[in-house]
Amino acid sequence: MTRRAILFVADGHRDDFLRPELCPNLAGFADAGRRFHNHTGNFPSATRASAASIATGCWPGTHGLHGNTMGLPSGRGTVIHDVGAPAFVESLRSVFVRTLKARTLAERLAPHGGSLIASNVSPGAAYFQDPDGHGHVVHRAGSFGPGRRPLAPDEAPVVSHDAAGDMALCEWFCDRMIDDDDDGPALGVLWLSDPDLSMHADALGSARHLAGIAAADACFGKLRDTVDAMRETGDDVLLIACSDHGQETVIGHVAIGDELVAAGLKDGPESTEVAVAPQGGSGLIYLAGDGVERLDKITAFLDAHPFVGEVFVGAAMRAVGQAEGNGLAIAFSMTNDTQKNENGVSGRIWVCTSDSKPGKPVGRGSHGGLGRWERHPFLIAGGGDFAPGTHENGRTRLIDIAPTILRHFGQPRDGMDGLALPLD
1 MTRRAILFVA DGHRDDFLRP ELCPNLAGFA DAGRRFHNHT GNFPSATRAS
51 AASIATGCWP GTHGLHGNTM GLPSGRGTVI HDVGAPAFVE SLRSVFVRTL
101 KARTLAERLA PHGGSLIASN VSPGAAYFQD PDGHGHVVHR AGSFGPGRRP
151 LAPDEAPVVS HDAAGDMALC EWFCDRMIDD DDDGPALGVL WLSDPDLSMH
201 ADALGSARHL AGIAAADACF GKLRDTVDAM RETGDDVLLI ACSDHGQETV
251 IGHVAIGDEL VAAGLKDGPE STEVAVAPQG GSGLIYLAGD GVERLDKITA
301 FLDAHPFVGE VFVGAAMRAV GQAEGNGLAI AFSMTNDTQK NENGVSGRIW
351 VCTSDSKPGK PVGRGSHGGL GRWERHPFLI AGGGDFAPGT HENGRTRLID
401 IAPTILRHFG QPRDGMDGLA LPLD
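Each step along the sequence shown adds one to the number in my numbering, with nothing skipped, and position 229 is 229.
Because the hints were derived from the structure by calculation, they are not lab data. Among the clues, some could well be false.
The calculated lysine to aspartate or glutamate pairs, modelled on EDC-like cross-linking and capped at a C-alpha distance of 16 angstroms, are [claimed, not checked]:
1) Lys222 <-> Glu171
2) Lys101 <-> Asp414
3) Lys360 <-> Glu392
4) Lys101 <-> Asp417
5) Lys360 <-> Asp202
6) Lys297 <-> Glu270
7) Lys297 <-> Asp267
8) Lys101 <-> Glu324
9) Lys340 <-> Asp202
10) Lys222 <-> Asp175
11) Lys340 <-> Asp82
12) Lys357 <-> Asp82
13) Lys101 <-> Asp132
14) Lys357 <-> Asp417
15) Lys357 <-> Asp258
16) Lys101 <-> Glu90
Cβ-Cβ distance ranges computed for the label pairs, FRET-style [unchecked claim]:
17) Asp258 <-> Ala300: 12 to 20 angstroms
18) Asp179 <-> Pro150: 17 to 25 angstroms
19) Ser160 <-> Asp267: 36 to 44 angstroms
For glycine and all other residues, C-beta sits at the position ideal for the given N, C-alpha and C.
Construct the entire structure; sequences and hints are all you get.
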C-alpha cells in the first residue's frame with residue numbers, strides 16, 4: 001500500500017459559502033470527511049504568505065515571507081517588492097542568500113516520493129511552495145522540475161488564468177496523479193484561481209462570484225473521482241480540501257504611505273527610511289536610518305487614524321504571526337465591520353493602498369486584514385485515519401496543514417509552528 005496525499009485549495013473560498021446548493025461536491029466531502037469549523041487564516045490574510053505557511057507549517061514571522069508585498073533592505077533603507085512577481089524568488093535570494101527560512105513540504109518529501117504543485121494563482125504564491133526546486137511546480141508563468149529545471153511545453157500545461165484554466169489544470173493534474181505508467185508523486189497540490197478571481201472581479205454574492213464557486217466545485221468533483229480511483233488501486237490517500245482565506249467587501253481606500261508623508265513622518269513618496277507595504281486590509285511598515293527614530297510618532301499616528309484598526313509594534317507582532325527584523329517594525333490592520341453588502345453578504349473592510357497597489361474597487365471583494373470572514377477559510381480532511389462524518393470545533397490554523405501531511409507519511413515535524421490536526 002502506497003501512502004499519498006493530495007491538497008486541494010480553492011483560493012479565497014469563504015467557509016460560510018460552503019453550502020450544498022452552491023458547491024455540492026465540496027459539501028458532500030464535508031459530510032463524508034472531518035470538517036473543521038473554527039479554521040483560521042494568516043495575518044495578513046493574503047495568498048502568497050499563506051501559501052508559504054501551508055508549505056512550511058510556519059507563521060510568516062518564522063518562514064520570512066511577510067505578505068503579498070514586502071520590504072527588502074536596499075542601501076540605507078527599504079524597498080517594497082511585489083511578492084507575486086516571478087522574479088521575486090531570486091530577489092529574496094540575492095538579498096538574504098536564501099529564500100524561505102523554513103523547510104517546505106517539497107523539501108522534506110523529496111527523498112520520500114516527491115511532490116507536484118499545480119497552481120493557477122500568482123507566480124509568487126506558486127513558487128514559494130517550493131522556491132528551491134525540490135519537486136515539480138507547474139504554473140502558467142513558467143514550470144520547473146527538481147533543481148528548478150525549466151519544464152518544456154510537452155511536460156507541463158500552460159493554462160489561462162480563469163475558470164477554464166482551472167479545469168484544464170485540474171484535468172492534467174488528475175491524469176498525472178493516476179498515471180499507470182508512473183508511480184506519481186507522494187504529494188500533489190492543486191491550487192485554483194477561483195473563487196478568489198471572481199470575488200475580486202465583482203460583488204460578493206453576485207452571479208459571477210457564485211459561478212466561481214461552482215467552477216471550483218466542479219474541479220473538486222473531478223479530483224475526488226481521481227482519489228477514489230487511486231484508492232481502488234490500493235493507495236492510502238489523505239485528501240485535504242481547503243481555502244487560504246476569505247474575502248470581504250471593500251468600503252474605502254487609504255494610502256497610508258502618502259498620509260505619512262503629509263504628516264511629516266516620511267520624507268517623500270519614494271523615500272526608503274519609512275516604507276509601507278500594503279496588504280489590502282492591512283499593512284506592514286519598515287523603518288531604517290532616520291525612520292527608526294520615528295517609531296513612536298508613527299505608532300501614535302496609526303493609533304489615532306479613523307480607518308486603522310489594530311496596531312502591532314515590535315515584539316507584539318508575534319501575536320499575529322509576524323516578527324520584527326530586517327526593518328519590519330509595525331504591522332497594522334485596517335478597520336472592518338459586520339455590515340452586509342447589497343447581496344446580503346456580511347463583512348466590509350477598508351484597504352491600504354499605494355500607487356503600485358491601488359486595491360480593488362469599492363463594492364468588490366478583497367482581503368488581507370483581520371476581518372472575521374476574510375480570516376475564516378474552510379478545511380475538510382478525509383482518509384489518512386481521519387474519522388469520517390465528524391466535526392471539529394476547536395481552533396485550527398493554516399500552519400496545521402503541513403504537519404498533518406507529514407504525519408500521514410510518518411515523517412518528522414520538527415521546526416514547525418503548527419500541529420497535526422486531530423483525527424477524531
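Now the hints, each set against the structure:
1. About 8 angstroms separates the Cα atoms of lysine 222 and glutamate 171, which keeps this hinted pair within 16 angstroms; it holds.
2. Only pairs whose Cα atoms come within 16 angstroms are accepted, and lysine 101 paired with aspartate 414 is accepted, the gap being roughly 14 angstroms.
3. A threshold of 16 angstroms between alpha carbons decides the hint, and for lysine 360 with glutamate 392 the separation of about 34 angstroms lies outside it, so the pair is violated.
4. Between lysine 101 and aspartate 417, the direct Cα distance comes to roughly 13 angstroms. Compliance with the 16 angstroms bound is thereby established for this hinted pair.
5. This hinted pair checks out: lysine 360 and aspartate 202 have alpha carbons roughly 10 angstroms apart, not beyond 16 angstroms.
6. A C-alpha spacing of about 20 angstroms is found between lysine 297 and glutamate 270, which places the hinted pair above 16 angstroms, so the restraint is violated.
7. For the proposed pair lysine 297 and aspartate 267, the alpha carbon gap of about 14 angstroms is at most 16 angstroms, so the pair holds.
8. At roughly 14 angstroms between alpha-carbon atoms, lysine 101 and glutamate 324 fall within 16 angstroms of each other, so this suggested pair holds.
9. Between the alpha carbons of lysine 340 and aspartate 202 the distance comes to roughly 15 angstroms, so the proposed pair stays at or under 16 angstroms and holds.
10. Annotation: proposed proximity of lysine 222 to aspartate 175 holds, straight-line Cα distance about 11 angstroms (limit 16 angstroms).
11. Straight-line distance between C-alpha atoms of lysine 340 and aspartate 82 comes to about 31 angstroms, which puts the hinted pair past the 16 angstroms bound.
12. Only pairs whose Cα atoms come within 16 angstroms are accepted, and lysine 357 paired with aspartate 82 is accepted, the gap being roughly 9 angstroms.
13. Straight-line distance between C-alpha atoms of lysine 101 and aspartate 132 comes to about 11 angstroms, which keeps the hinted pair within the 16 angstroms bound.
14. Between lysine 357 and aspartate 417, the direct Cα distance comes to roughly 30 angstroms. Violation of the 16 angstroms bound is thereby established for this hinted pair.
15. For the hint pairing lysine 357 with aspartate 258, the CA-to-CA distance comes to about 13 angstroms; that is within 16 angstroms, so the pair holds.
16. Restraint check: the Cα-Cα separation between lysine 101 and glutamate 90 comes to about 14 angstroms, which is no more than 16 angstroms; the hinted pair holds.
17. Separated by about 18 angstroms at the C-beta atoms, aspartate 258 and alanine 300 satisfy the suggested range of 12 to 20 angstroms.
18. At roughly 21 angstroms, the beta-carbon separation of aspartate 179 and proline 150 lies within the given 17 to 25 angstroms, and the hint holds.
19. Evaluation of the 36 to 44 angstroms hint for serine 160 and aspartate 267 yields a pass: the beta carbon distance comes to about 43 angstroms.
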